[in-house]
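Student: Each chain, written out:
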Amino acid sequence: MRNCDIVIIGGGPAGLAAAVSAYDNGCKDILILERDDILGGILNQCIHNGFGLTRFKESMTGPEYAQRFITEVKNRNIPVKLNTTVLSLTNDKIVTAINDVDGVFQVKAKAVILAMGCRERSKGALNIAGARPAGIYSAGTAQKFVNCKGWLPGKNVVILGSGDIGLIMARRMTLEGAKVHAVCEIMPHSSGLKRNIVQCLNDFDIPLYLSHTITRIDGKDRVIGVEISQVDQNRRAIKGTEKYIKCDTVLFSVGLIPENELSKGAGVELSLGTKGAVVYQNRETSLSGVFACGNVLQVHDLVDFVSEESELAGKSASDYVLNGEKIKNSIDCQAKDGVSYVLPQKIDTLKSGDVTLYFRVKGVYKNCKVVVKDGENTLLSIKKRIVAPGEMERVILKEDKIKSLSSSVQVSVEVD
Amino acid sequence: MFDVAVIGGGVVGGLLLRKLSSYNLKVCLLEKENDVAMGQSKANSGIVHAGFDAKPNSLKAKFNVLGNKMMKGVAEELGVKYSNNGSLVVAFSEEEIETLKDLKQRGEQNGVDGLEIVYGDDLFALEPNLSKTAVAGLLARTGGIICPYELTISAIGNAMDNGAELFTNFEVVKIEKGDCYTLYSSNGEQISAKVVVNCAGAGSQKIANLVGDYSFEIGLRRGEYILLDKESGNFVSRTLFFTPTKKGKGILVSPTADGNLLLGPTADEVLENVTDTTKDGLESVMVKAKQMCDKVPLYNAITSFSGVRAYSDKHDFIIEESKQNKGFILVAGIESPGLTSAPAIAEYVVDELISKLLRLNKKEDFNPIRKPDYFFSRLSIEEKNEIIKANPSYGRIICRCEQITEGEIIRALTENPKASDLDGVKRRTRAGMGRCQGGFCQPYVAEIIAKVKGVSLGEITKKGKNSTLLVGKTK
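So the protein lines, in turn, are chains V and U.
One point on numbering: in the working numbering, the residue at position 359 of the first sequence is 359, and numbering is uninterrupted.
Heads up, the working numbering is the position in the second sequence plus 1000, with the first residue counted as 1.
Don't read these hints as lab results, they were simulated from the structure.
Remember, predicted model here, so these are calculated numbers, not experimental data.
Incorrect hints may appear among the rest.
Short, incomplete list of chain V residues facing chain U, as computed with Cβ under 8 angstroms [said to hold, decoys possible]: (1) D100; (2) G103; (3) K108; (4) A129; (5) A131; (6) R132; (7) K144; (8) W151; (9) P153; (10) E176; (11) K179; (12) P207; (13) I382.
From the three backbone atoms N, C-alpha and C, an ideal C-beta is built for every residue, glycine too.
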């Protein structure tokens, strides 16, 4: 079995940024394992623009954004194994992987960075009544067919879920000549970015039905239509509101799930809020020397923040390998009223530096305050005009505040 | 001219074909769909019943107990996943305990070994996730689980490897009776055979009517299911049944042979063989599953589906030669416990019915062994590396959820009975059956099918006919 200082599982935006950062912070013995035949991960199929606005102050396509990091990895000669799927990870950091050249092989790592990304929640998870014909795709699968394979999955489309990929695909399918008849969203608000609602739906006159869901799929060989219904506050279909829409294709954009099967296998503690690992501010998980970053940790809205988070994880892994840095004094970080999760879930008060708290709110709140407390003691209170579940929020806790934490950090939203 | 033509590529027809292929006979299977195991054999509970449920002296009781004893051996030969996990009929009241006692007695009369009624703590020691309102359970140690479509596909593949022929998309619409039987398909094809066996499941009445046999009627009952992620596969160990009441049998909560958790089925009379699920049906599965196990992890659902089961007005299996048609054998009304009974039915049909019509000579080179389509992930590292060295396509994982390799997918497309579409590959290899339900692997599987068949991606279907995945090239 070969040894390696840092094994990075996944060569998408998270793995690439983590690799570059780990290298630049001094640890040179790195191996990136990527299951696809190219680096870049899901960015390769995201040919729309809007990537990089925050980080590079310019609008790039997904492949362009990925290329920036691929070039950096290549410049450093960081080894990469493509077409390589990791089969398992153990709690003592033995990575077992497979490809068609090396066969099944094992690497013993000093540190592991989990950068596997996320997957789409499938239609199957929703228990929608009706048939199971051809023409039912997750939005990402349709995106792959259209952008990477050059084939159109359908001409008359209904989309369930207003997640960003669903919105992007509504526009993409329209540009390819398909008619998108409706985007249905079971919640009373969209789960996608505001800019995508405007640019992908409104600009193309695609109707968005809030508080609506698909209640039946019709068709034997191929989809011939769907029944949509309005839902009540408990997201249950209201009888009598059914409406039939003829279509040949249904796309599902109903949420992203961090892909943590390997993490679970290794015994990494997962968070119910994020479905990703529980981490400290340096992105170290409950397993010492195992780090996580990007969408496998928390589903981000923007890849720019994935890169930022992954650089942090890369630096931390390098510090762990070179300096044997360990967690010293841990306190919890909790989501309270109006907040669905906060990341990191734990803070080591003896680590230096500011800590950025990332969180998502549970609903749309206007003219509210984001409040961060240490027990009863208010650390921060920030006024917000509007917060929504579709946009990740962040606040910075300064180093001096971190040093003096005594109880547990709590983040909440207060509405006047 | 065939010696025997079997109509219907379900589990009964499949195992019968396999049995026939062990003799020096020219045999074929006619299937109306584009693949085998497309009817009730692809969507049932996959239970190998112990045999306490069927009425004593019925054909159901006889073949169930015999089939149960044969299943392990058949599964081993065909490389089909089978587990003798045992079953438990759960009672929630004193009155239901009385029914358990009756069932136990009935089972013993049918020749079922190892039945025992367990109470209280013993019950929860067996199944800790049972609802605390349960009071007793009839433990049947010989109960098991098997993958029904895998068994069907493997049996037919093995029969073909031994010389049997398969005709898919052959819907029998007319039968002429002369010195032999001539069967015509809806596409204008025809074959003739000395002996015909009607294993057409939901279509068996229609087929019998084609030769003027009106001796039975087929009814259809739809069962809806919810399937949970493998993460929940160990939620229960045994197959849990409700105690049958006057209102019916209720649903089951069971691990599957592939390691998922299965909830269902409902039982609704339907007029047509349509496998749509319904809102009410799926809700009733959820409600009942919660009665059985209050903590059932419904949030882990990965898909829902339904199957339509054919039953006869005789309410027992019909396994006999048609009264007015010598050489035309009826195997109809094979409802539950049909899957369990299938190996025994196949033996009976050959040994007791066909043997009276044709001379049977054992084929000396009959090979009962079939290598499974889905096998790679269960091998050791050394075994895997040996295979990859010889064939690198086994080193490329296509379906990440189920860890299925390109090698297995190519095998499913090239070995008997060849898969020809996405669902066919899925049923053989499990590619697309995991938690992402094909979200990631579907485009790759479609490309492999296109490459192996030498056609464009635009011609690939989900399940034959008009079920193409794509409508055209992008601009």
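Student: Please go over all the hints and tell whether each is borne out by the structure.
Tutor: Quick rundown of the hints versus the structure:
no. : hint : verdict
1   : D100 : holds, 3 angstroms
2   : G103 : holds, 4 angstroms
3   : K108 : violated, 15 angstroms
4   : A129 : holds, 4 angstroms
5   : A131 : holds, 5 angstroms
6   : R132 : holds, 7 angstroms
7   : K144 : holds, 5 angstroms
8   : W151 : holds, 4 angstroms
9   : P153 : holds, 6 angstroms
10  : E176 : holds, 5 angstroms
11  : K179 : violated, 12 angstroms
12  : P207 : violated, 22 angstroms
13  : I382 : violated, 34 angstroms
Checked against the numbered hints given earlier, the structure breaks hints 3, 11, 12 and 13 and satisfies all the rest.
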